[in-house]
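Visitor: The residues making up each chain are set out below.
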Amino acid sequence: MTLFVLVAPSLETLKYLVLALVTVAIAISLSRRIAIQQRALRSRVFSGLIDLRVVRLCTATLALVSLLALLGLEVGEYPIPRFQAIKTALWNHGGEFDFVVNSLRFPRVVVALLGGFCLAISGALFQSLLGNPLVSPDVIGINSGAALCAVFVLTVGADLRALPWAAFLGAVLTASVIYILSWKQGVNASRLVLIGIGINALLASGITYLMVKYPIERVVAAARWQVGSLFGASWSEVRILVLGVAVITPLALLLVPRLRLLQLGDELAIGLGSRIEMERMAIVVVASAYAAIAVAVIGPLGFVALLVPHMVRLITGSLTGGSLLLTGFVGAMFLLGCDLVAQQLFAPTTLPVGVVTAALGGPYFLFILVRYNRAL
Amino acid sequence: MPYEKSHEMVNLQTSDVVLSYGSKRVVDDFDFAVPKGKVTAVIGPNGSGKSTCLRGLARVLRPTKGVVLLNGRDIHSQSTKVVAKQIGLLPQGPTTPSGVTILDLVRRGRYPHQRLFDQWSAEDEVAVRKALVVTGLDGASDEYVDHLSGGQRQRAWIAMALAQETDLMLLDEPTTHLDIAHQVEVLDLLRHLNRTEGRTVVMVLHDINQGCRYADHVVAMNGGRIVSQGPPGEVVNSQMMEEVFGLAAVVIPDPVTGTPLCIPGVVG
Numbered sequence: 001m002t003l004f005v006l007v008a009p010s011l012e013t014l015k016y017l018v019l020a021l022v023t024v025a026i027a028i029s030l031s032r033r034i035a036i037q038q039r040a041l042r043s044r045v046f047s048g049l050i051d052l053r054v055v056r057l058c059t060a061t062l063a064l065v066s067l068l069a070l071l072g073l074e075v076g077e078y079p080i081p082r083f084q085a086i087k088t089a090l091w092n093h094g095g096e097f098d099f100v101v102n103s104l105r106f107p108r109v110v111v112a113l114l115g116g117f118c119l120a121i122s123g124a125l126f127q128s129l130l131g132n133p134l135v136s137p138d139v140i141g142i143n144s145g146a147a148l149c150a151v152f153v154l155t156v157g158a159d160l161r162a163l164p165w166a167a168f169l170g171a172v173l174t175a176s177v178i179y180i181l182s183w184k185q186g187v188n189a190s191r192l193v194l195i196g197i198g199i200n201a202l203l204a205s206g207i208t209y210l211m212v213k214y215p216i217e218r219v220v221a222a223a224r225w226q227v228g229s230l231f232g233a234s235w236s237e238v239r240i241l242v243l244g245v246a247v248i249t250p251l252a253l254l255l256v257p258r259l260r261l262l263q264l265g266d267e268l269a270i271g272l273g274s275r276i277e278m279e280r281m282a283i284v285v286v287a288s289a290y291a292a293i294a295v296a297v298i299g300p301l302g303f304v305a306l307l308v309p310h311m312v313r314l315i316t317g318s319l320t321g322g323s324l325l326l327t328g329f330v331g332a333m334f335l336l337g338c339d340l341v342a343q344q345l346f347a348p349t350t351l352p353v354g355v356v357t358a359a360l361g362g363p364y365f366l367f368i369l370v371r372y373n374r375a376l
Numbered sequence: 377m378p379y380e381k382s383h384e385m386v387n388l389q390t391s392d393v394v395l396s397y398g399s400k401r402v403v404d405d406f407d408f409a410v411p412k413g414k415v416t417a418v419i420g421p422n423g424s425g426k427s428t429c430l431r432g433l434a435r436v437l438r439p440t441k442g443v444v445l446l447n448g449r450d451i452h453s454q455s456t457k458v459v460a461k462q463i464g465l466l467p468q469g470p471t472t473p474s475g476v477t478i479l480d481l482v483r484r485g486r487y488p489h490q491r492l493f494d495q496w497s498a499e500d501e502v503a504v505r506k507a508l509v510v511t512g513l514d515g516a517s518d519e520y521v522d523h524l525s526g527g528q529r530q531r532a533w534i535a536m537a538l539a540q541e542t543d544l545m546l547l548d549e550p551t552t553h554l555d556i557a558h559q560v561e562v563l564d565l566l567r568h569l570n571r572t573e574g575r576t577v578v579m580v581l582h583d584i585n586q587g588c589r590y591a592d593h594v595v596a597m598n599g600g601r602i603v604s605q606g607p608p609g610e611v612v613n614s615q616m617m618e619e620v621f622g623l624a625a626v627v628i629p630d631p632v633t634g635t636p637l638c639i640p641g642v643v644g
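Line by line, the protein sequences give chains A and B. Per this note's numbering, residue 1 is the first one in the first sequence, and the count goes up by one each step. Per this note's numbering, residue 377 is the first one in the second sequence, and the count goes up by one each step.
So here's chain A without its partners, still in its complex pose:
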């Protein structure tokens, strides 16, 4: 086991970090100033309402995401001349940097983007469904369920290819158990949260048990994975995420109008024609599936699913299909940004990205907690 040596961050890195924080602050304050502008789109086969403000915000976020992605290709431990990495990744495949860029950095960037997208949307769905900003898959135990199964695979030394599937199974099983346990003539949101927290504690003790029981050399890999790390991301992991996002996202968008009804409370939702139990279950399944594929690939990364949806809601307000996608894009940007910080802050020592999301998320969690309690 290597002993980590933390070197103080270089002045250069700090400068970039401060610049990034200032940009984020400016972006948030600017985005809140854009007026809501809604337009109806109608044709013979389709009609819908579109908020130009959300469209603008999505475009701006995607532009920032692209810039950040290019930056992600450029920086890293292995020295590559400026712009060589981008060239190698995008059009000039092969060459001396091919392995570093196309097998190490590029998949890592893409995994960060897709993982952030999934976690943020998962959190947004859970928070909207349960009407509570403190809920996210990491709080109610979905992530721990995935982690328990994955740690099991890691510690017993089973085939590593089974890991994503084990994590997925764990997340879906946990969601089902929580759902069944909180069923009492229908599912009540606060009961679901409390049971979820209990399950989370139970699963955490299960993980600890596995960590204590098995030999240290296997446990180390599990420990690192458990913090949430993008280290060693590969194209096969990208494939899992792309497939998952492509299947789940249309379902999530389909469920948004139903979720908007459930937000009004059960009685009104029934009155407006919602089959509440079926629809609530569908939303829980979709939200868990998002969390599961992300956790399967990058580990039970904390706080992304909690922090990003809350931040986006401060800007866009009510839940719509557009704001859900925006949450995903911001999540992608957030996770990639955190990963860059994790790689660069104490370079050449890299941190697992989970350390950075926790360092940012912890205080934010407290902030929400204080704010939410005051509002009550």
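These aren't lab readings, by the way, just hints derived from the structure by calculation. There may be inaccurate statements among the hints.
Stated by the list, open to error - Straight-line alpha carbon distances no greater than 20 Å define the calculated EDC-like cross-link-like pairs of lysine to aspartate or glutamate that follow: (1) K414(B) / D592(B); (2) K414(B) / D514(B); (3) K412(B) / E610(B); (4) K457(B) / E279(A); (5) K457(B) / D266(A); (6) K414(B) / E610(B); (7) K461(B) / D266(A); (8) K461(B) / D494(B); (9) K461(B) / E501(B); (10) K441(B) / D405(B); (11) K506(B) / D405(B); (12) K457(B) / E277(A).
Got chain A sorted already, so can you dock chain B onto it with the hints?
Guide: Showing chain B alone in chain A's frame:
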């Protein structure tokens, strides 16, 4: 503005319905046909099962015995979205999600009329605008519902129920937590909707005098059963007050409307 909709009036009735929470029977022998095109007020003391009846009518609560019939068929066997085009429900003290504007809230009332690729039709837009105008909220539609005063918030919810464009509206204590001016405002609005658009209104009311004033039909409940029903002048009298509320009261004609006015007697 005349009411454009022309389809038949909704026929909602119950036969021998028993409503329970768990093993606790709350409403028994509930036999009732909603008077079409009228304003009905359900009155009774606390715990008499008024709200439960409304929940039963609105298919929120499934009867443990008996059946609720919508246009002659069991309401629970029909598509809930189809039912939602005919019956609207405004429960008591609905949850307001934060960060939702009035416009956004009222739009959600259009859900039963929307389909997969038809999410915002011209009819949706017209219905929402009309609901906002009728409730006097068209100038405030971008305000956040959770920042509104009680009266305005209640109007926003009513606007949402209006946008649903149902012939029958079921409202559970639409005037609670409102001051007297706002109470009158809401009740005036409901009667106006009934008179001009022909919508049938059934509401649970706490205030008997308001019920007498605004309703064409009064249903008095006690102990989970309907004690008597009919026009206010026939139902509300000092004997009924004694039986249903256990209150000695004098009933005189309202000096303004001539409807019954209950005045509790003085003890000692």
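Visitor: Please verify whether K461(B) and E501(B) have alpha carbons no more than 20 Å apart.
Guide: holds, 16 Å
Visitor: Assess, step by step, whether the Cα of K461(B) is no farther than 20 Å from the Cα of D494(B), and give holds or violated.
Guide: Cα-Cα ~16 Å, so holds.
Visitor: Given the hinted pair K457(B) and E279(A), is their alpha-carbon gap at most 20 Å?
Guide: holds, 13 Å
Visitor: Given the hint that K414(B) pairs with E610(B), does the C-alpha gap stay at or below 20 Å?
Guide: holds, 16 Å
Visitor: Need the status of pair K457(B), E277(A): alpha-carbon distance at most 20 Å?
Guide: With Cα atoms ~15 Å apart, K457(B) and E277(A) stay inside 20 Å; holds.
Visitor: Keeping to a limit of 20 Å between CA atoms, is the pair of K414(B) and D514(B) held or broken?
Guide: violated, 27 Å
Visitor: Is the Cα-Cα distance between K457(B) and D266(A) 20 Å or less?
Guide: holds, 15 Å
Visitor: Does the structure keep K414(B) and D592(B) at a Cα separation of 20 Å or less?
Guide: holds, 6 Å
Visitor: Hey, K506(B) versus D405(B), does the alpha-carbon distance stay inside 20 Å?
Guide: violated, 39 Å
Visitor: If you draw a straight line from the CA of K412(B) to the CA of E610(B), is it 20 Å or shorter?
Guide: Satisfied, since the Cα-Cα distance of roughly 19 Å is no more than 20 Å.
Visitor: Under the criterion that the straight-line Cα-Cα distance not exceed 20 Å, is the pair K461(B), D266(A) satisfied?
Guide: holds, 17 Å
Visitor: Take a quick look at whether K441(B) and D405(B) sit within 20 Å of each other, Cα to Cα.
Guide: It holds: about 9 Å lies between the C-alpha atoms, which stays within 20 Å.
The structure fails to meet hints 2, 11 from the earlier list, while all remaining hints are met.
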